[in-house]
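Taken in sequence, the protein lines are chains E and A.
Note that the first sequence ends on residue 641 in this note's numbering; no numbers are left out.
Note that the second sequence ends on residue 579 in this note's numbering; no numbers are left out.
Just so you know, these hints were derived from the structure itself, not from any lab.
These numbers were taken from a predicted model, which means no experiment stands behind them.
There's no promise every hint is true.
[Stated by the list, open to error] Covered stretches of chain A, as calculated for chain E (at least 3 residues, CB under 8 Å): (1) 346-354; (2) 509-517.
[Unchecked claim] Distance condition first, Cα-Cα at most 20 Å in a straight line; then the derived SDA-like pairs of lysine to any residue: (3) 473(E) <-> 365(A); (4) 301(E) <-> 313(E); (5) 628(E) <-> 519(E); (6) 473(E) <-> 516(A); (7) 473(E) <-> 409(A).
The beta carbon of each residue, even a glycine, is placed where N, CA and C say it ideally should be.
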Amino acid sequence: MAKKLMKGSEAIGEAAVQAGCKLFFGYPITPQNEIPEYMSMRLPQIGGAFVQAESEVAASNMIYGAAGAGERVMTSSSSPGVSLMSEAISYLAGSELPVVIVNIVRAGPGLGGILPSQGDYFQATKASGHGDFRVLVLAPWSIQEAADLVQDAFDLADYYRNPVMILGDGLIGQMMEPVEFFEGRVPTKELEPKTWATTGCDGSRPTNVVNSLFLDPEELEQHNIHLKAKYDRMVADEVRFAGYGTDEDYDVLIVAYGTVARVCSTAMEELREEGIKVALIRPVSLYPFPYRAIREAAMKAGSVLVVELSTGQMIEDVQLALARSRPVHFHNRLGGMLVSPDEVVAKVKAMLGGQSEEVHHG
Amino acid sequence: MAETVFARPESLADVSTHYCPGCTHGSIHRLVAEVLDELGVRERTVGIAPVGCSVLAYNYFNVDFQQAAHGRAPAVATGVKRARPDLIVFAYQGDGDLASIGMAEIVHCANRGEKITVVFVNNAIYGMTGGQMAPTTMPGQVATTCQLGRDVDSAGHPIRVAELMATLRTPAFVARATVHNPLVSIHAKEMLRRAFTYQVEGTCFSLVEVLSTCPTNWGIPPVEATGWLEKNMLPYYPVGIFKTPESGSREPKPLVD
Numbered sequence: 280m281a282k283k284l285m286k287g288s289e290a291i292g293e294a295a296v297q298a299g300c301k302l303f304f305g306y307p308i309t310p311q312n313e314i315p316e317y318m319s320m321r322l323p324q325i326g327g328a329f330v331q332a333e334s335e336v337a338a339s340n341m342i343y344g345a346a347g348a349g350e351r352v353m354t355s356s357s358s359p360g361v362s363l364m365s366e367a368i369s370y371l372a373g374s375e376l377p378v379v380i381v382n383i384v385r386a387g388p389g390l391g392g393i394l395p396s397q398g399d400y401f402q403a404t405k406a407s408g409h410g411d412f413r414v415l416v417l418a419p420w421s422i423q424e425a426a427d428l429v430q431d432a433f434d435l436a437d438y439y440r441n442p443v444m445i446l447g448d449g450l451i452g453q454m455m456e457p458v459e460f461f462e463g464r465v466p467t468k469e470l471e472p473k474t475w476a477t478t479g480c481d482g483s484r485p486t487n488v489v490n491s492l493f494l495d496p497e498e499l500e501q502h503n504i505h506l507k508a509k510y511d512r513m514v515a516d517e518v519r520f521a522g523y524g525t526d527e528d529y530d531v532l533i534v535a536y537g538t539v540a541r542v543c544s545t546a547m548e549e550l551r552e553e554g555i556k557v558a559l560i561r562p563v564s565l566y567p568f569p570y571r572a573i574r575e576a577a578m579k580a581g582s583v584l585v586v587e588l589s590t591g592q593m594i595e596d597v598q599l600a601l602a603r604s605r606p607v608h609f610h611n612r613l614g615g616m617l618v619s620p621d622e623v624v625a626k627v628k629a630m631l632g633g634q635s636e637e638v639h640h641g
Numbered sequence: 323m324a325e326t327v328f329a330r331p332e333s334l335a336d337v338s339t340h341y342c343p344g345c346t347h348g349s350i351h352r353l354v355a356e357v358l359d360e361l362g363v364r365e366r367t368v369g370i371a372p373v374g375c376s377v378l379a380y381n382y383f384n385v386d387f388q389q390a391a392h393g394r395a396p397a398v399a400t401g402v403k404r405a406r407p408d409l410i411v412f413a414y415q416g417d418g419d420l421a422s423i424g425m426a427e428i429v430h431c432a433n434r435g436e437k438i439t440v441v442f443v444n445n446a447i448y449g450m451t452g453g454q455m456a457p458t459t460m461p462g463q464v465a466t467t468c469q470l471g472r473d474v475d476s477a478g479h480p481i482r483v484a485e486l487m488a489t490l491r492t493p494a495f496v497a498r499a500t501v502h503n504p505l506v507s508i509h510a511k512e513m514l515r516r517a518f519t520y521q522v523e524g525t526c527f528s529l530v531e532v533l534s535t536c537p538t539n540w541g542i543p544p545v546e547a548t549g550w551l552e553k554n555m556l557p558y559y560p561v562g563i564f565k566t567p568e569s570g571s572r573e574p575k576p577l578v579d
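One chain only, chain E, in its complex shape:
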């Protein structure tokens, strides 16, 4: 297929359709309304269904029902709405249902604002809901990558029988870029038929039950161990990251994800033109987090700079990766304000000039 200029939200919707998503349930919230709007028009064309739910609570339970019935299904929302979905995300993980959830993150806390933020990193990677579970989290930095990751997300969700979250921000949702959908795309995983789904027991098999309730603690412990083994397989097999200039020599390693990493790549080019040796590493999977790749890349640098649109969330994972083996510096903007390449350039120069203090946690 030829490249087409698309808005991020519409590319995300079309990518889902291309991946075989037949159902979408969602509730309006800025800045992601173009996703449900697109799906409301597109899904009936392919014999699927779109429902505007009464709330994110309901939408996230509708995807539970549809995934439990064995169909590919997606919802999307933005930060406050994802908080309302946290109940269902926990049940989805507990019942091992494959769904794709898109969070176009806005600044918080509370109603916050509608402009880009990375303030939901902790929520997405560590605490999407109550109980002991993990959600696979992928963070695109371009519209093409958003489209690719959404399609991969459906395969990963089915393969692991687990919710997969696409973590973007208002820039990903609103900006327009050329996108290409590849015909005859091969799934990223070999997928089994969904023999566990509640499709009606048609007399040929025992009844199927989709459930997260285990009243016997020994049974629940076994379920928890089973889930942990699954998360361990994700950690082993699904780490995704991209390095820029990491094959060369560098003094400073920048770590950033999503659209912020794109700003940092511009800053990196400017710094390199001035002869300052900088590399960038960009986590694409936020869970599982590329701890080892960041550690190995940091070993070549004198110091590390983390850039985020939060008060400091991913930086904790970077510090965990480095275990104080390298000084870690931090630059951020908050409330929907964006980091500029000039700010990153200035920060790197300050680090090299001894005018930046490293950040310690714990």
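Position chain A relative to chain E; hints supplied.
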């Protein structure tokens, strides 16, 4: 040769339930199972279990089941039905589940006209959590969170779900029944049969509210519980059909002629 005149419906699993003596959940399960058998839909039925006393319903019905978060059964049922319109989908919910935490889900599910069936069991109390006040607890009725009896000045009056649902303009079948004796149970089964038939025919949303006893949390013996239901609940929660897809609903009256 002996003829079998009474047997366990195939849609009911061959297991003992955890329900307390005198509770009518078991009777309601059986009536639903009989209807599924008689309509010949067991093999394409998916039930949605609530949170509450009937949380384990998936163990008691011999059909595919999904267990839903508290109050969300109508949303889960919506997801199943929209994914697979050929399936027969029913949500089985109690009064805390449907009329308290899940009020938004049930109202909007009905208002969208989802072609599912809801079996709403109203026993005027929270059972599984130990006898707290429900949205359907009667005025003056004692519960662990209203130990002097439900005070309507602070807790409001009990919610009449069937009447409330019947106000929606979207076509639906809405009825109330009770199973506290065999005679009224025949009527209850007829209401359930009509509700499921509307779904099988793809006509409309259907909801049957079924009054139920809870001797354990009402704090009275089972035999007295049926009398208590008759005396206290039936006058406030009358049985009957509140809405059919044919009857439509009351048109809004203009403010001026």
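Against the structure, the hints:
Only residues whose C-beta sits within less than 8 Å of a C-beta in chain E count toward coverage, and the region 346-354 of chain A has 0 of them, not enough to reach three; the restraint is violated. Here the region 509-517 of chain A counts 0 residues with a CB under 8 Å from a CB of chain E, which misses the bar of 3, and the coverage is violated. The suggested pairing of residue 473(E) with residue 365(A) holds, with an alpha-carbon distance near 17 Å, which does not exceed 20 Å. Between the alpha carbons of residue 301(E) and residue 313(E) the distance comes to roughly 17 Å, so the proposed pair stays at or under 20 Å and holds.
A distance of roughly 29 Å separates the Cα atoms of residue 628(E) and residue 519(E); the hinted pair therefore is violated under the 20 Å criterion. About 33 Å separates the Cα atoms of residue 473(E) and residue 516(A), which puts this hinted pair outside 20 Å; it is violated. Restraint check for residue 473(E) and residue 409(A): satisfied, since their Cα atoms lie roughly 17 Å apart, inside the 20 Å limit.
In summary, the structure is inconsistent with hints 1, 2, 5 and 6 from the numbered list given earlier, while agreeing with the others.
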